[in-house]
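Undergrad: Hey, can you work out the whole structure from these sequences and the hints?
Protein chains in written order, with my numbering: chain A, 1 to 482; chain B, 1 to 482; chain C, 1 to 482; chain D, 1 to 113; chain E, 1 to 113; chain F, 1 to 113.
These are computed hints drawn from the structure, not numbers from a lab. Just to be clear, a hint being listed does not mean it is correct.
Claimed, not checked - In silico lysine-lysine, BS3-like type, Cα no more than 27 Å apart, as pairs:
| # | chain 1 | residue 1 | chain 2 | residue 2 |
| --- | --- | --- | --- | --- |
| 1 | B | K447 | B | K373 |
| 2 | A | K321 | C | K453 |
| 3 | C | K447 | A | K321 |
| 4 | E | K71 | E | K27 |
| 5 | C | K322 | B | K453 |
| 6 | B | K453 | B | K371 |
| 7 | A | K373 | A | K248 |
| 8 | E | K27 | D | K17 |
| 9 | B | K447 | C | K322 |
| 10 | F | K27 | E | K79 |
| 11 | E | K85 | B | K248 |
| 12 | F | K27 | E | K85 |
| 13 | C | K321 | B | K453 |
| 14 | C | K371 | C | K322 |
| 15 | B | K322 | A | K453 |
| 16 | E | K17 | B | K248 |
| 17 | A | K322 | C | K447 |
| 18 | C | K248 | F | K85 |
| 19 | A | K447 | B | K322 |
| 20 | C | K248 | F | K17 |
| 21 | A | K447 | B | K321 |
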Amino acid sequence: MITKRRIISFKDLYKMFFPALLLIGAVTNISAADAPVAFAEQTALDELKVSMAVGIDTVWVLLAAFLVFFMNLGFAMVESGLCRAKNTVNILSKNFIVFAISSISFYIIGWGLMFGNGNSFFGIEGLFFATGADNSPAIGEAYKGDYSAISWTGIPLMAKFFFQLVFAGTAATIVSGAVAERVKFHSFIIFSFILVAFLYPITGHWIWGGGWLQTLGMWDFAGSTVVHSVGGWSALAGVIVLGSRLGKYRSDGSVNPIFGHNMSLVTLGGIVLWFGWFGFNPGSTMAVGDGSAIAHIAVSTNTAAAMAILSSTITSWLIQKKPDLSMIINGALAGLVAITAPCAFVSIGSSAVIGFIAGILVVLAVLFFDKLKLDDPVGALSVHLVNGVFGTLAVGLFAQDKITGAATGSGLFYGGGFKLLINQTIGVLAVGAFTFIAAFAIWHVIKLVFGLKVSREEEIQGLDIGEHGMKAYPDFQGFITK
Amino acid sequence: MITKRRIISFKDLYKMFFPALLLIGAVTNISAADAPVAFAEQTALDELKVSMAVGIDTVWVLLAAFLVFFMNLGFAMVESGLCRAKNTVNILSKNFIVFAISSISFYIIGWGLMFGNGNSFFGIEGLFFATGADNSPAIGEAYKGDYSAISWTGIPLMAKFFFQLVFAGTAATIVSGAVAERVKFHSFIIFSFILVAFLYPITGHWIWGGGWLQTLGMWDFAGSTVVHSVGGWSALAGVIVLGSRLGKYRSDGSVNPIFGHNMSLVTLGGIVLWFGWFGFNPGSTMAVGDGSAIAHIAVSTNTAAAMAILSSTITSWLIQKKPDLSMIINGALAGLVAITAPCAFVSIGSSAVIGFIAGILVVLAVLFFDKLKLDDPVGALSVHLVNGVFGTLAVGLFAQDKITGAATGSGLFYGGGFKLLINQTIGVLAVGAFTFIAAFAIWHVIKLVFGLKVSREEEIQGLDIGEHGMKAYPDFQGFITK
Amino acid sequence: MITKRRIISFKDLYKMFFPALLLIGAVTNISAADAPVAFAEQTALDELKVSMAVGIDTVWVLLAAFLVFFMNLGFAMVESGLCRAKNTVNILSKNFIVFAISSISFYIIGWGLMFGNGNSFFGIEGLFFATGADNSPAIGEAYKGDYSAISWTGIPLMAKFFFQLVFAGTAATIVSGAVAERVKFHSFIIFSFILVAFLYPITGHWIWGGGWLQTLGMWDFAGSTVVHSVGGWSALAGVIVLGSRLGKYRSDGSVNPIFGHNMSLVTLGGIVLWFGWFGFNPGSTMAVGDGSAIAHIAVSTNTAAAMAILSSTITSWLIQKKPDLSMIINGALAGLVAITAPCAFVSIGSSAVIGFIAGILVVLAVLFFDKLKLDDPVGALSVHLVNGVFGTLAVGLFAQDKITGAATGSGLFYGGGFKLLINQTIGVLAVGAFTFIAAFAIWHVIKLVFGLKVSREEEIQGLDIGEHGMKAYPDFQGFITK
Amino acid sequence: MKLIIAIIQPEKLTDVKQALAEANVGKMTVSSVIGCGAQGGYTESYRGAEEEISLIDKVRFEIAVNDEFVKPTLDAIIKSARSGKIGDGKIFVVPLEECIRVRTGENGTVAIG
Amino acid sequence: MKLIIAIIQPEKLTDVKQALAEANVGKMTVSSVIGCGAQGGYTESYRGAEEEISLIDKVRFEIAVNDEFVKPTLDAIIKSARSGKIGDGKIFVVPLEECIRVRTGENGTVAIG
Amino acid sequence: MKLIIAIIQPEKLTDVKQALAEANVGKMTVSSVIGCGAQGGYTESYRGAEEEISLIDKVRFEIAVNDEFVKPTLDAIIKSARSGKIGDGKIFVVPLEECIRVRTGENGTVAIG
Ligand SMILES: Nc1ncnc2c1ncn2[C@@H]1O[C@H](COP(=O)(O)OP(=O)(O)O)[C@@H](O)[C@H]1O
Ligand SMILES: Nc1ncnc2c1ncn2[C@@H]1O[C@H](COP(=O)(O)OP(=O)(O)O)[C@@H](O)[C@H]1O
Ligand SMILES: Nc1ncnc2c1ncn2[C@@H]1O[C@H](COP(=O)(O)OP(=O)(O)O)[C@@H](O)[C@H]1O
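TA: Below is the structure:
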């Protein structure tokens with residue numbers, strides 16, 4: 001995405017220059033300074049430089065991708081832990097299978113739609129099975145292939161594909177939690193396939209694939225909008241079409257707490273997600289360069305999470321009278337989602353402020369959605385939608401031009417005026433409108449064709465028995481004498 | 001192993017050339033092209049190239065090794081989760097201590113037997129404590145030492161040792177699950193020690209240590225046979241000698257389901273194993289090179305797992321009428337085991353097919369072993385033995401010569417004829433026969449000397465109280481008022 | 001810290017030379033050997049060398065830091081698993097929020113106090129928000145800035161900060177377990193803030209920040225003293241001021257076992273900590289160099305853990321008649337804590353001995369502290385304090401000069417006489433005295449101002465309801481019909 | 001005095017508690033049980049093996065009342081626990097000879113409430 | 001009508017259920033209890049501290065039957081629950097004054113089955 | 001013969017068991033229950049929603065004794081379970097018509113102990 005091409009062009013200059021040079025045989029800015037006799041060695045030097053960089057960058061991107069993959073565990077544990085024991089097998093199954101679905105659908109067409117050369121709205125070339133022409137790791141001018149939008153990073157095609165795949169998978173897992181404890185297993189699977197095959201890649205193309213928002217100058221470094229709010233909008237549509245869980249709202253309209261069954265799993269998941277975010281954000285440089293950008297991003301990411309934990313703790317303490325662990329963990333995730341877009345564009349100080357705000361927002365949002373009787377068992381909307389939007393807008397407020405190299409221009413609070421903020425807002429609205437409407441339609445069609453909600457009896461007995469014929473904790477649910 | 005030496009010789013040519021050059025002062029193919037005057041700079045360049053590569057490769061191999069180490073958590077959680085609460089402490093203890101046992105036994109003699117220079121059947125030089133002569137990171141011709149078989153990778157000896165150690169540990173943990181809920185703690189410890197000290201390294205020497213199968217041209221990239229089927233054969237022998245759990249088979253011969261006590265842990269373990277496999281397979285390059293091989297392997301590995309999840313879900317849905325999460329997770333692992341041998345030798349498309357087949361195989365195998373009244377609480381045989389064998393044979397079917405550099409020759413489906421398939425089959429049979437017979441004998445001796453199965457009373461009360469005098473979940477088992 | 005500067009100076013010589021050279025334009029020892037004509041290329045080569053190294057080292061340090069961060073999960077799971085279900089939410093909350101607190105307090109002032117240029121006792125320059133002057137990644141002579149003590153590693157400032165931050169966080173989590181099941185939530189938060197803002201950085205400055213112990217020649221490679229014993233001493237003070245849990249000691253003075261509620265979580269945490277330690281110890285090189293040091297450290301770390309598991313199993317088996325899993329896991333951690341200081345200074349053989357002793361020590365220490373009626377629910381004192389001290393002294397016994405490059409001088413058992421042992425002892429005593437006394441005073445003040453222990457009624461009902469108004473496992477505690 | 005034992009559907013717990021309160025019956029002891037009767041069970045399937053589960057989760061009330069409270073208590077339970085579906089449960093009435101309040105040592109009818 | 005309360009070994013649950021079915025007693029309520037009697041307990045040891053556990057897991061049956069069913073029910077339980085080892089358990093028979101089927105409101109002997 | 005049912009505070013379990021032993025009552029069946037009475041409950045709060053929990057954890061004793069043991073058993077329980085605070089619990093005494101020892105088939109008063 002432009003974001004990153006810029007980062008490179010400013011921070012890893014040589015990368016943009018040498019390969020071209022190696023191919024068109026021109027004289028580099030450096031060797032230019034030397035005697036022609038030194039030319040041979042110079043090019044050898046350049047070759048080495050590039051070949052070494054490819055190795056380092058690939059290792060970095062793959063390891064970051066592994067961390068992002070690992071976030072699947074975080075989502076599975078947070079979401080199952082925040083639901084009831086009787087629905088645990090179902091939620092775990094959804095979260096476990098959803099990444100498999102994503103892997104296949106993104107491989108079949110998602111990748112091509114998102115990064116294939118195409119128009120401003122979706123990719124057209126190299127559409128299927130990531131098998132388009134491609135001469136990676138060549139970059140910039142030197143790149144010849146169907147996936148130019150991501151040719152700014154000098155790593156093998158499969159490394160690019162895998163890194164983007166784990167991001168696509170994340171968007172799908174977000175939905176799982178919001179529709180938990182009542183959605184039919186197969187209906188969820190169908191939605192996930194469509195989401196990752198079409199919805200996610202299309203808006204992704206707009207922002208990261210060379211589409212109109214990228215051209216416009218909308219910036220989303222690691223995906224507050226591309227990944228999180230897209231997941232959030234899809235979840236919102238699902239929650240509306242699906243309706244709330246049995247007994248969630250009392251006849252008097254008050255909320256009947258449906259306790260999550262396992263806070264240990266929720267905490268485990270929260271820390272795993274935080275851990276995975278160190279691949280999600282710093283990894284999105286997709287290049288190591290001189291390391292200063294990834295180090296900055298690691299710290300801004302961590303600072304936002306830490307501040308969000310404090311502010312959500314305080315907010316929950318004030319509003320609920322006692323600090324609610326489930327809110328604190330939502331808080332940490334909120335801070336991470338909010339800093340995802342700006343992590344490379346803002347100072348550490350700004351990341352602290354962004355995190356602090358995110359932590360307050362998420363607690364209020366949880367209460368707000370319950371007021372609207374939008375039943376979201378795990379707080380997915382409050383975390384990913386609300387803070388995905390906030391984080392994207394935060395770029396327009398806190399960005400400092402070229403702070404880690406990217407020429408974002410400065411945000412409102414740093415003398416950049418409203419320009420950037422407006423671009424960000426357009427991005428938020430456009431992606432939101434498209435994703436919500438499309439998702440809403442898809443959920444409806446699925447409802448008509450396959451049905452969406454399990455029967456009242458099944459909901460009472462639990463989806464584990466109903467959908468899977470087994471219990472998650474047979475020795476502790478009822479009792480067993482085997 | 002040849003596998004990898006070839007990869008290198010095709011992908012990281014310089015590695016094979018320069019060190020030699022650096023030591024024997026010859027002229028390299030590259031510098032040969034230049035004017036003698038450039039020679040000094042050229043060698044300096046080569047030196048740099050190599051020294052940089054050693055650093056990058058070591059970081060990659062160690063981080064991959066850490067991921068493989070982390071698989072111990074995956075095994076511990078999957079195996080304890082699939083057993084009953086009353087035996088949890090015992091299973092956890094076995095899985096926790098088994099890696100300690102492996103670390104010591106592989107250090108004492110395992111490493112030497114496996115990688116020491118020796119005959120076609122086992123290593124002889126530098127046998128004990130990995131303290132043989134060694135001038136790593138020198139490679140190829142330049143290497144002088146007792147561990148030539150693994151001198152194709154240019155990293156420090158301790159990095160090689162550690163990476164191989166975590167693989168050895170994996171083989172031992174596989175056994176733990178199959179014999180769970182009835183084996184005596186100390187008897188299992190003794191078997192594990194022998195397995196990692198002798199059985200594993202000997203067959204490992206055949207395939208990775210310069211032994212007869214490697215010479216024959218049998219290919220096992222990351223250990224479908226070397227690690228997984230060896231663990232599987234040992235487990236099979238154990239299950240036969242040990243007999244089934246009390247009440248597993250009804251008087252009428254039908255199977256009495258003994259439910260795993262914690263599906264959350266099983267899922268957690270499954271995802272952790274999947275995560276760790278990204279160290280297991282891509283890490284087995286033991287070198288970064290231009291990154292294309294490791295990227296390819298990461299994607300083929302993930303694709304196989306994803307397809308196996310889908311096929312095992314479908315199979316379980318059809319046969320059991322409802323999708324069984326424990327089968328789906330077994331399915332994921334089956335796909336990973338199956339792609340372990342071929343991951344670097346086959347296309348992404350082939351990896352999808354291999355994974356799909358593995359997912360079906362594992363479900364059928366679970367039902368099959370129960371028919372035979374071979375009681376395997378966690379499905380270790382179906383996952384590691386059946387798919388370890390299948391994956392190894394798959395190389396003979398799907399291999400495409402040099403797809404990531406290794407000159408495996410092509411498999412049956414790619415015009416290579418039966419040659420490769422036959423070599424693979426020989427490997428499977430030889431390793432299977434040796435390991436099964438040896439393990440069978442060892443289990444028997446242990447049974448005679450120390451006893452193997454706990455008493456009927458202890459099995460009813462649970463091994464946690466019997467073997468460890470404590471419960472895993474005292475607040476939930478019975479009830480406590482502290 | 002000197003430790004590491006020495007490692008560098010011996011292993012990555014070029015790092016110390018070239019940057020200086022690049023800045024002062026002198027002739028390097030290498031290029032000096034060449035003809036002047038080669039000079040231009042030579043410097044270009046040097047530049048490349050350095051710029052590549054910065055990238056590799058930053059990736060390594062950040063990934064290691066992520067692993068250390070992940071240890072927060074390990075601590076959270078071990079500590080909550082070893083306590084009762086009714087206090088789980090509280091312990092999880094403490095462990096989750098404590099890293100947030102550490103992140104903020106270390107950012108505000110901790111980092112400055114620890115690494116800022118100052119006197120022998122604490123840092124003075126660049127005190128706040130890690131915003132002092134700094135020209136990282138320049139190193140050695142070339143470094144100009146406020147954080148000279150850590151200028152021996154050539155990575156960006158934020159990478160240094162983040163790596164040190166995750167270490168600071170570890171010290172705070174250690175305290176959490178020891179005071180668990182009775183301490184007031186907000187009082188613990190306050191102590192943690194003070195610990196990471198002041199206590200930890202001050203003693204850290206002495207040993208790693210250019211303070212008097214570093215000058216004296218006291219060696220603590222990765223923090224047996226700096227991190228673990230500091231956490232341990234603070235915990236000891238807390239345990240004394242706080243008093244024991246209700247009903248822990250029977251009227252007859254005997255110990256009433258208060259069973260941990262979840263051995264699966266404890267085991268999970270134990271393996272996660274072991275995994276994280278591969279970032280903790282090998283990462284503390286903060287540079288890759290030729291990889292031999294990090295490989296050596298990975299193996300010495302793992303060997304110590306493995307041996308400690310065996311020795312703690314045996315000890316527990318002999319003393320308690322049956323092997324106690326909670327003791328075995330404490331044993332593994334004891335071995336890891338003990339090898340933390342010496343991991344880079346001793347042979348693999350020595351690390352085995354150190355681990356073996358640690359495993360015995362920890363079991364005896366647990367019994368010992370119970371005799372003294374010092375109630376430590378999770379064994380934090382036995383693991384971190386006792387073995388933090390032992391590990392630091394072990395350097396004085398087992399060190400072999402320059403075994404991985406650092407000129408520690410040899411320990412008592414390797415002909416170095418008592419010199420090193422004495423320095424280590426001084427360090428242990430000084431840090432212990434300062435930290436214990438300061439912590440003791442702080443706990444007292446907090447007790448007076450905010451209160452420290454919850455009421456008897458709250459302790460009986462559980463802190464989850466008392467402090468957080470929620471249960472960790474509502475479906476299994478009592479019973480729920482939702 | 002009578003000891004009333006009622007077995008009901010778990011999801012009726014709050015309704016029954018509610019109804020009892022309205023009938024001025026505020027003291028009770030509740031436990032989690034599994035029961036088997038006319039209500040059909042369900043099948044659990046695990047790794048290819050199946051099991052018929054006929055013991056279904058129920059909630060058990062144990063309420064000691066003075067004689068004049070028996071009727072209102074029974075009515076309250078029946079009214080609130082009934083869904084008309086098989087599995088609604090049973091109520092058993094057992095003679096209660098003595099009732100003692102531990103705190104005060106009071107016994108007999110005064111100790112019940 | 002009688003209320004039969006039986007405490008048995010957990011591993012006998014299925015056998016007893018089986019035997020009752022054969023005796024045409026198909027309705028019962030079961031719960032998980034711990035009991036202490038002649039049967040010896042066991043020691044749990046944790047981090048060096050020991051505790052004698054004398055309350056052992058048992059299963060409790062509660063079966064309301066009409067008088068003519070008392071004998072067959074008792075016989076069925078004794079036959080199926082007996083192992084001859086200490087800890088086999090006890091059966092208690094308590095008078096049952098009333099039995100009501102919540103679903104229908106029927107009461108007395110018709111409501112039991 | 002009587003069947004004594006006692007509901008007590010969980011933390012009193014060991015004391016009561018102790019006291020019973022001293023009164024030569026060594027056999028009993030214990031279960032985990034939740035109870036509601038005069039004792040006030042507490043509020044649980046989760047994600048902004050609140051719930052009043054009035055059913056509090058209690059422990060239930062079920063002890064079959066011969067008539068001459070009724071008094072000492074009651075005294076032992078009262079003595080050991082009393083804290084004087086609301087929530088201490090109740091004891092109920094129900095007539096026991098028959099008692100059978102599964103292991104031996106013995107019945108009546110000899111089977112109780
Ligand atoms: N005779 C009985 N003895 C003990 N418990 C009974 C008896 N009959 C019914 N129950 C309890 O009542 C529950 C519901 O009874 P069931 O026959 O399924 O429905 P219904 O009472 O509407 O016919 C059973 O699960 C069981 O727990
Ligand atoms: N008098 C009693 N009151 C209540 N429960 C009893 C009584 N006697 C025995 N039990 C229950 O029966 C179980 C088995 O009794 P025990 O004395 O151990 O074996 P046996 O009945 O064969 O002598 C005990 O664990 C307890 O739950
Ligand atoms: N009438 C009753 N029927 C059944 N259980 C009762 C009855 N009265 C009290 N209990 C049990 O005794 C427990 C304590 O009673 P409570 O009224 O709270 O204290 P106290 O007995 O000191 O007034 C209750 O939680 C309940 O389990």
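Undergrad: Let me make sure I understand: some of the numbered hints might not hold for this structure. Which ones are they, in numerical order?
TA: As far as the earlier hints go, not one is violated by this structure.
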